[in-house]
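K.L.:
The chain contents come next:
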Amino acid sequence: MSLTTALTTKNLTLSIAQKLICEKLDISFNPGEFWGIMGVNGVGKTTLLQTLIGLRNANHGAITLNQKGIQDYKRIILAKHMGLMLQEYEYNFPCTVMEATLIGRHPFIHNWQWEDKQDRQLAQEALKTVGLLDLSERSINTLSGGEKRRLNLATLLTQNPDYYLLDEPVNHLDIKAQLEILSLLQQQFSENKQCGIMVIHDPNMAYRFCDHILLLFNDGQWLSGATAEILTSDNLSQLYDCPIHQLNDGDHTLFIPLENEKLI
Amino acid sequence: MKFKQHPFIFLSGLFILVVISFIFALSSGSGSLSITELLSLVDGTASPLHQSLILELRLPRALAAFAAGALLSLAGVLMQVLLRNPLADPYVLGVSGGAAFAALLAMLFGVHSLWLTGSAFLGALLSILMVFSFAHSKGSWSISRLLLTGIILASGWGALISFVLVIAPAEKIHGMLFWLMGDLSYDRPLLPSYLILLFGLLLALSISRQLNILLWGDIQAGSLGIDTRRLRGVIFFLSSLLTAGAIALAGSIGFVGLVIPHLVRLIIGTDHRLLLPASALLGGALLIIADTLARTVLAPQQLPVGVLTALIGVPLFLYLLRRSQ
Chain L
1 MSLTTALTTK NLTLSIAQKL ICEKLDISFN PGEFWGIMGV NGVGKTTLLQ
51 TLIGLRNANH GAITLNQKGI QDYKRIILAK HMGLMLQEYE YNFPCTVMEA
101 TLIGRHPFIH NWQWEDKQDR QLAQEALKTV GLLDLSERSI NTLSGGEKRR
151 LNLATLLTQN PDYYLLDEPV NHLDIKAQLE ILSLLQQQFS ENKQCGIMVI
201 HDPNMAYRFC DHILLLFNDG QWLSGATAEI LTSDNLSQLY DCPIHQLNDG
251 DHTLFIPLEN EKLI
Chain H
1 MKFKQHPFIF LSGLFILVVI SFIFALSSGS GSLSITELLS LVDGTASPLH
51 QSLILELRLP RALAAFAAGA LLSLAGVLMQ VLLRNPLADP YVLGVSGGAA
101 FAALLAMLFG VHSLWLTGSA FLGALLSILM VFSFAHSKGS WSISRLLLTG
151 IILASGWGAL ISFVLVIAPA EKIHGMLFWL MGDLSYDRPL LPSYLILLFG
201 LLLALSISRQ LNILLWGDIQ AGSLGIDTRR LRGVIFFLSS LLTAGAIALA
251 GSIGFVGLVI PHLVRLIIGT DHRLLLPASA LLGGALLIIA DTLARTVLAP
301 QQLPVGVLTA LIGVPLFLYL LRRSQ
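Sequences listed follow chains L and H, in order.
The numbers in the first sequence follow my numbering, run straight up by one, and end at 264.
The numbers in the second sequence follow my numbering, run straight up by one, and end at 325.
Chain L extracted, bound-state conformation:
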């Protein structure tokens, strides 16, 4: 894939409150790829996502989308290319599932204009994809944790940008739902030449669905590349400071944490 259509970081250094998140990060996220970002709690994965979408400023270096600096985009234009699913939302007002899904269409609707039939249809398709269509007139306060995650994903699917920035999208979901949603995303990214950049904690899910991995270590060091090269027991043991063993049975690869004397 050529570099002309890519989200690229060059020499990106990022820190928050004196803590280094990444130093001199050079990555190109290309269409059709599904990235997993991993690291311990508080290492700055969420901050990195927010920086990639231009909602935070980097200390040094540049982020470009299609060779144009991310800060040079008008936000409303950028929203057609990049979308973000947050780790959690706080919402204190009455709102139905359908209304919450439709906000994903905001970048595509002019001022004074209302959502039309096509917008509603896109929202309905997204709700169907995540299995919430039957609940579309329900109040969002009545949803379970897992249903709320599906709703957040439906909103992003309705926005349908080129770059999906996903902050722990399968949190609170049962195993079957995790598999369904991750394989759906995987298929969508490779078929539509879209790109997913996902923060995820489960190395087994990451190994199964992501084709590229970025590991963020505690001291600003990082490691990126194809999944099979990066997701090894050595790297993961170092990343989580805890011995992790890799099992292969021919078709599947499984990572299991071993007993750690330090923890006992």
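This list has only true hints and no planted wrong ones.
Listed next, the stretches of chain H that the computed footprint assigns to chain L, with coverage defined by at least 3 CB atoms under 8 Å from CB atoms of chain L:
{"id": "1", "segment": "83 to 92"}
{"id": "2", "segment": "223 to 234"}
{"id": "3", "segment": "264 to 271"}
It is worth saying that the hints were derived from the structure and are not from the lab.
Backbone N, C-alpha and C fix where the C-beta goes; we use that ideal spot for every residue, glycine too.
Starting from the known structure of chain L, arrange chain H on it as the hints suggest.
P.N.:
Chain H only, in chain L's frame:
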């Protein structure tokens, strides 16, 4: 939630309520008028006494009540978006206090009533900027810190208002006190308030879909293409202006900005494209009715309308709060 599918029926219903409230206000009071007597105004056959009673006393007062109710409701809606909390309103944040103090100063120095609006606007803007700059700690701010700052500032403004009342000459105190409690019996210019109302409603409607999304938080709004800094700036300015318009016209009237948007949301939800005009209509209509009751229930004694809205608003709000738990 039947109204949700038919929002324009709801808006039309509110419009009819506004008309009914005007008829109620024009026909009630010492010397009640029947509908036919009201209609005789239109074809010009009414007695001159009725004509001056209606056109010079009751109509301007009803118009003032409508504007004040609509302005306060809109200001309430906007501040609830700003705080992302349905319990916010100009009073909770101390914005009314700042506006009232500045307007009282203007009254103390006896300036022209146009300057009253300007002075109230500056007070409101200063107050809202103070709330947010003190509550805005480095990097992030929390809602609870914001509300607490608002409450502290409100009590500070309260002290300054008492100070002005103490040093004010005796002949001005009665009017000031009445005005502070929320009073529509004075004849104030209506035009500035209606211009503010029209401008405010149009500007708010032009950003109404952005308001819907800002309720999901700054990060989500930013990722959906909204320049949140600019949007917040517009809401600051607009809610100050609307509060000032209401304060200059009618003094401190509490609970309208809190209760009206809450009631409308229960019926049609949170979409600001409907919530804003519906709140303006309902707020205007209810304040006309409240003010008419305020001047008739204990006639010839007149109550400040703010007393009446508080007497209705406090139990209603406590009931809503309990029900929502």
